[in-house]
Amino acid sequence: GAVVSQHPSRVICKSGTSVKIECRSLDFQATTMFWYRQFPKQSLMLMATSNEGSKATYEQGVEKDKFLINHASLTLSTLTVTSAHPEDSSFYICSPRGSHLDTQYFGPGTRLTVL
Amino acid sequence: GENVGLHLPTLSVQEGDNSIINCAYSNSASDYFIWYKQESGKGPQFIIDIRSNMDKRQGQRVTVLLNKTVKHLSLQIAATQPGDSAVYFCAEPPGNTPLVFGKGTRLSVIA
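Top to bottom, those sequences are chains A and B. Residues in the first sequence are numbered from 2 upward in steps of one, following this note's numbering. Residues in the second sequence are numbered from 14 upward in steps of one, following this note's numbering.
Next comes chain B alone, as it looks inside the complex (with noise of 0.2 Å):
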């Protein structure tokens, strides 16, 4: 079954404001999460991972953030662009079973 799911099923932010995108898990023994990313018409596209051992990572424009105290993440996109719409979706890799997925936070880009 999930053992991720999304806070927020959308979410409307201002070009160039930041956005951020929560998810929480309920499997203290995670390890590992992915975000992805969902554009209409195609399908996910990977965007950042994070590993516990961290409780940060960036990349391009986004940052994952990661508390484990509290079973949380947040994908952190910077300056949101329209290109940035979309709906974002955050995965826990479960071994060799396959990833399932929540709703998704579907983000919208105000120009």
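For reference, chain A alone in the conformation it holds in the complex (with noise of 0.2 Å):
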């Protein structure tokens, strides 16, 4: 399967401050990201969706101000949660996908505590 890597794996950080989170695509282009986030023993859940070289396409209910999404290169996307607050302690999950692959796949997600 296609390899993906998140930086950093856990962040802790204060209420106020920023955190960026990056997800890299190791070999395979990946034309469209989605990020998720998953809350202590739920399912996933779809925060954005964004196609390289485009402005992010967000999901009812998330702050699109608050969670800046770059995807500015085929291989790079990063989450900037700003402003951080004890509620958007999640786990944030990355999932590129190619053009040419039906299937998503998946980074190892980064824990985000704001204490």
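Please keep in mind that the hints were generated in silico from the structure rather than gathered at the bench. Because the structure is a prediction, the values reported are computed rather than measured. Built from N, CA and C at the ideal position, the CB exists for glycine as well. It is possible that some hints are incorrect.
As the list claims (entries may be wrong) - Below, in silico cross-link-like pairs of lysine to any residue (SDA-like), each with a Cα-Cα straight-line distance of 20 Å or less:
(1) A:LYS56 - B:PRO111
(2) A:LYS42 - B:THR23
(3) A:LYS42 - B:VAL113
What the hints assert, rightly or not - Every beta carbon over 10 Å from chain A, so not counted as near; a handful from chain B, in silico:
(4) ILE33
(5) TYR38
(6) GLN58
(7) SER65
(8) ASN66
(9) MET67
(10) ASP97
(11) VAL122
Stated by the list, open to error - Facing chain B, from chain A, some residues (calculated, C-beta under 8 Å):
(12) VAL12
(13) PHE35
(14) PHE40
(15) LEU45
(16) THR50
(17) ALA73
(18) LEU75
(19) THR79
(20) SER90
(21) THR104
(22) TYR106
(23) GLY108
(24) PRO109
(25) ARG112
Got two chains here, separate frames each, mind docking them using the hints?
Set out below in structure tokens:
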């Protein structure tokens, strides 16, 4: 399967600070990137979809000014949680998809804890 | 919205026994399905897929069965091991739109 990396794997930050999460597709070009988050004992919830070079489309209830997504290249996408608050503590997972692939692969996830 | 759903939220299996995880789907036009495994603290991992022109597909210790008549999928894990403990999701890649996940089935392996 495809190799996807996320960095950092874990981050703890103070309330009000911003955190950037990087997602890289290492062996294929991700024309589309999906970002999910997962709260404890819950399923993955889609936050946003971005196509390379375009603005992201956000799901209902997800604040676009709070969760900034950059998908400037086919191998790298970033999610920045701005002015993080404790309720943003979650497991964030990226999911790149190439133009020729049916399959969505997933990154290993980033555990964000906001104090 | 969701096109697939899961019958059971939890499943406990004795180590060495076989596990069967079930999944129902609603779209009779669906032609491709994937099973994912998510271990605690990790992202979902692709396990096995099946296309609608097949009834069965086997991998290493895993078998997926597809019954198009009743729109049902199952994932069978042979000789279940502690490392198989995880949440399992079935998914139907809906073309250009993203995967929407159901709750998943949590498999617990009893040593």
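Taking the hints in turn, this is what the structure says about them:
no., hint, verdict
1, A:LYS56 - B:PRO111, "16 Å, holds"
2, A:LYS42 - B:THR23, "12 Å, holds"
3, A:LYS42 - B:VAL113, "16 Å, holds"
4, ILE33, "21 Å, holds"
5, TYR38, "16 Å, holds"
6, GLN58, "7 Å, violated"
7, SER65, "12 Å, holds"
8, ASN66, "14 Å, holds"
9, MET67, "15 Å, holds"
10, ASP97, "18 Å, holds"
11, VAL122, "19 Å, holds"
12, VAL12, "14 Å, violated"
13, PHE35, "5 Å, holds"
14, PHE40, "12 Å, violated"
15, LEU45, "5 Å, holds"
16, THR50, "6 Å, holds"
17, ALA73, "20 Å, violated"
18, LEU75, "17 Å, violated"
19, THR79, "17 Å, violated"
20, SER90, "14 Å, violated"
21, THR104, "6 Å, holds"
22, TYR106, "6 Å, holds"
23, GLY108, "5 Å, holds"
24, PRO109, "5 Å, holds"
25, ARG112, "7 Å, holds"
Hints 6, 12, 14, 17, 18, 19 and 20, counting from the list given before, are not met by this structure.
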